[in-house]
Each structure stands twice: as C-alpha cells, then as structure tokens.
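Visitor: Sequence:
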Amino acid sequence: MLHVTRKTDIRRLAAARAISFAGAEAAYIAIVSTVYDRTGSGAWVAAVLAAWIGVGGLVAPLAGALGDRFDRRRVMIASDLAGAVAFAALAFAHSPQALLVLAAVAAVCEAPFFPAASAAIPNLATDDDLPWANGLITAGRTFGGLVGPVAGGLLYGTVGPGVAFAVNAASFVLSAALIVSVRGPFSTPRPGAGRGGLTAGFRFVARTPLLRALAIAWAIFLVGIGLMLVAELPLARVLDAGSLGYGILVAGWAAGGLAGSLLARRIIVSRGELPALVAGAGGAAVAFGLTGVAPVLATACATMALAGLLNSISAVAEETLVQRATPDDVRSRVMAAQEAIWIGSLGLGLGGGGFLLEAVGARSAYVVAGGIGLAAAVLLAWLLRGRRATAA
Numbered sequence: 013m014l015h016v017t018r019k020t021d022i023r024r025l026a027a028a029r030a031i032s033f034a035g036a037e038a039a040y041i042a043i044v045s046t047v048y049d050r051t052g053s054g055a056w057v058a059a060v061l062a063a064w065i066g067v068g069g070l071v072a073p074l075a076g077a078l079g080d081r082f083d084r085r086r087v088m089i090a091s092d093l094a095g096a097v098a099f100a101a102l103a104f105a106h107s108p109q110a111l112l113v114l115a116a117v118a119a120v121c122e123a124p125f126f127p128a129a130s131a132a133i134p135n136l137a138t139d140d141d142l143p144w145a146n147g148l149i150t151a152g153r154t155f156g157g158l159v160g161p162v163a164g165g166l167l168y169g170t171v172g173p174g175v176a177f178a179v180n181a182a183s184f185v186l187s188a189a190l191i192v193s194v195r196g197p198f199s200t201p202r203p204g205a206g207r208g209g210l211t212a213g214f215r216f217v218a219r220t221p222l223l224r225a226l227a228i229a230w231a232i233f234l235v236g237i238g239l240m241l242v243a244e245l246p247l248a249r250v251l252d253a254g255s256l257g258y259g260i261l262v263a264g265w266a267a268g269g270l271a272g273s274l275l276a277r278r279i280i281v282s283r284g285e286l287p288a289l290v291a292g293a294g295g296a297a298v299a300f301g302l303t304g305v306a307p308v309l310a311t312a313c314a315t316m317a318l319a320g321l322l323n324s325i326s327a328v329a330e331e332t333l334v335q336r337a338t339p340d341d342v343r344s345r346v347m348a349a350q351e352a353i354w355i356g357s358l359g360l361g362l363g364g365g366g367f368l369l370e371a372v373g374a375r376s377a378y379v380v381a382g383g384i385g386l387a388a389a390v391l392l393a394w395l396l397r398g399r400r401a402t403a404a
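Residue numbering for the sequence shown follows the numbering used here, beginning at 13 and increasing consecutively.
Worth flagging that the hints you see were computed from the coordinates, not collected in a lab. All C-beta atoms, glycine included, are put in the ideal place defined by N, C-alpha and C. Each hint should be verified, as a subset may be incorrect.
Said to hold, decoys possible - Computed Cβ-Cβ distance ranges for the label pairs, DEER-style:
#, residue 1, residue 2, range
1, Val305, Thr170, 47 to 57 Å
2, Thr20, Val305, 43 to 53 Å
3, Val372, Asp83, 45 to 55 Å
All chains, full assembly: derive it from the sequences and hints.
Guide: Printed below as a string of structure tokens:
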C-alpha cells in the first residue's frame, strides 16, 4: 500500500509540474507577443527574455537555499501561489516597462519550485522507482512545454493577453492544490537545515568528482543547444517552411522529449545510468548535426524528434545520478547550482548564436551545435572513465 501511495504522490507531482509549466509557457508567448505588438522593438523583446530567463538564474542560489532551509512542500506551494499573483498582475499591465518588471517578478516567484521539487523526489519515490519518477516528472514538464505555447498563442490571438495571464495564474493555483494533496515526505529530518549558506550547492558540486564532471559536460552541451535555438527559425526558412515549419520543428523536439522521458526508466534499468547518460547525449548531438543537413522539413522534424528523445533519456539519467550522489540537506541547493550553470551556458550559446548564424548560416550552425554536443559527450565519458555504471 505504501508503494502505491508513493507512486500516486509522484503522479500528482508530475501533474502539478505539467500544469504550472504549461501555464508559464503560455504566459511566455503572451508576454513576448504583447511586448512586440506594443513596441515593435526587438530590443524590448530581448529585454523581456533576459528578465524571464536571466533573473531566474541569478536568484537560483537563494531559491535553492529555501528548499533546504524550509519545508519543501511549503516552499513549492508558496512559489506557486506567488507566481499566481505575479501572473494575475500581468493581466493589468499595459506599458512595456510594467511588463518587464512583472516578468522579472514572476521569474523570481517561480525559481524556488524546481530545486525544491527535484530535491524532494528521492524522498517520495523508492530507490528502485527513482528513474521512473524522474522520467514521469520530466514527461510532465515536457508535455507542459508542448501544449503551453500552443495554448498561449491561441489565447493571445482570440481573447487577448489578459485572459492568457489569468489562465496561467489559475494553473499555478491548481498546481499548488495538487502539491497540498501529496501525502509523502518532501524531505528527511535535517538537523542544521540550510547550513553552509547560499553557495553550499556550488561548493558541493565543485568537490564531488561525479557532479563536477556532469556540470562541466552539460555546460558545454548547453552552449551547443543555445546555438541551435537561434538557428531554428532560420533553418525552417531555408527549408521553405516558414513560421509553420518552425513550430513543427519545435513540436518534433518536444514530442521526442516526451517519448524519451517515458522510455527512460526502461533504458536506465537495462543499460545503467552512466551509459544511458553518455550515449543519450552523444546520440542527441549527432541528431542535431543530421538536422543541419536534412533535405526537407519532414527529415529535419524526424531528426529533431530523435534528438529530443535521446536528450530526455540522458537528462533523466543525469538527474537520477545527481539525486543519488547528493545528501538531502544540500540537495535543493545542488539542483539550483546546476540550474544556474545551465542558464549561464545556455545564455552564452544564445549570445553567440547570432554571430555564428551570420558567419556560417543555419545549416552549418546546427552542425556546429552537434559537434559541440558530441565533444561534451566524449569529454563526459573521459571524465567518468573507470566509474561503474549503476542500474536503477
């Protein structure tokens, strides 16, 4: 009965993540569209993106500390409810300045949820079920990323941004209600909780060989992802597919990611976490490169779906390894440290993507991104040489 209850808890947590992530993605589309329609300025759009993505990275150490210092269930509920208030306020904002400020506030409100949720999973799932739990929650997040932008675009185009923001606020309230319904523990007893300060997660990553290797390799891999993101729309145009083709490419990646999240447990159990991690990352990188040489949109969509599938398997294996290697009293801060590193690396790729695109074109940019990702996978395999592959 306890095992069944724990699986129910994980399913509720996955549903909460799917709902809140879908709402956030819908609001993202609404914010970007509103700012661009009201200003006609790419600079304003870039500023909003920086506020949305960059601020979350800047406050990640504090967000992670909250999950280690306080009850994680309460942290997640408070994060959801604060996000609901911030997104509801966006419905009443009209000037681009107000939208920019509230986007930054919303990013701050959202920030504590992810590290607290990821840190809680090993307490809610049995050790054998940990890959399954991570895969299911990743699937929920991916599903939210798949339907959220579509919902945001439809709401913005039919009833306006105010309703889109209100729907997102409601999604955060629903997510909080699901978290309330989870019965299992979100943490173990932690004497001296929060000890070590805001940088404890970074220090733990730096002195732990496995986590240090993962951080280095994923940082490089995400630079390639950033380069690829900049080239997505231009590649669709090279393939004579336009904005519709762009959407299809993004949907292909998300659909593959959803399938990979659900398959991850089976792959990890049969192959082991480390082989699944390295092979998934390397395979995804090869698929990126193949996308760059795809002759037609259908081929590009298929290779992007394959990349999404393999990347999700790798990501689930990585998260499982980190959770197993990290004690509960610092786990939220370790997750937040990783997120800050990822956002910084992704930002480097996004920043350099425009220059690369101008220099070599969309197809070659994908090939370069794939080469960087493959180099990261090879480096990871070298850094982890001699370690035993662990099976879930």
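Visitor: Each hint should be assessed against the structure and marked as holding or not.
Guide: Evaluated hints:
1. Val305 <-> Thr170: 47 to 57 Å: Once the Cβ atoms are compared, 39 Å apart, the range 47 to 57 Å for threonine 170 and valine 305 is violated.
2. Thr20 <-> Val305: 43 to 53 Å: 46 Å, holds
3. Val372 <-> Asp83: 45 to 55 Å: 50 Å, holds
In terms of the numbered hints stated before, the structure departs from hint 1 and from no other.
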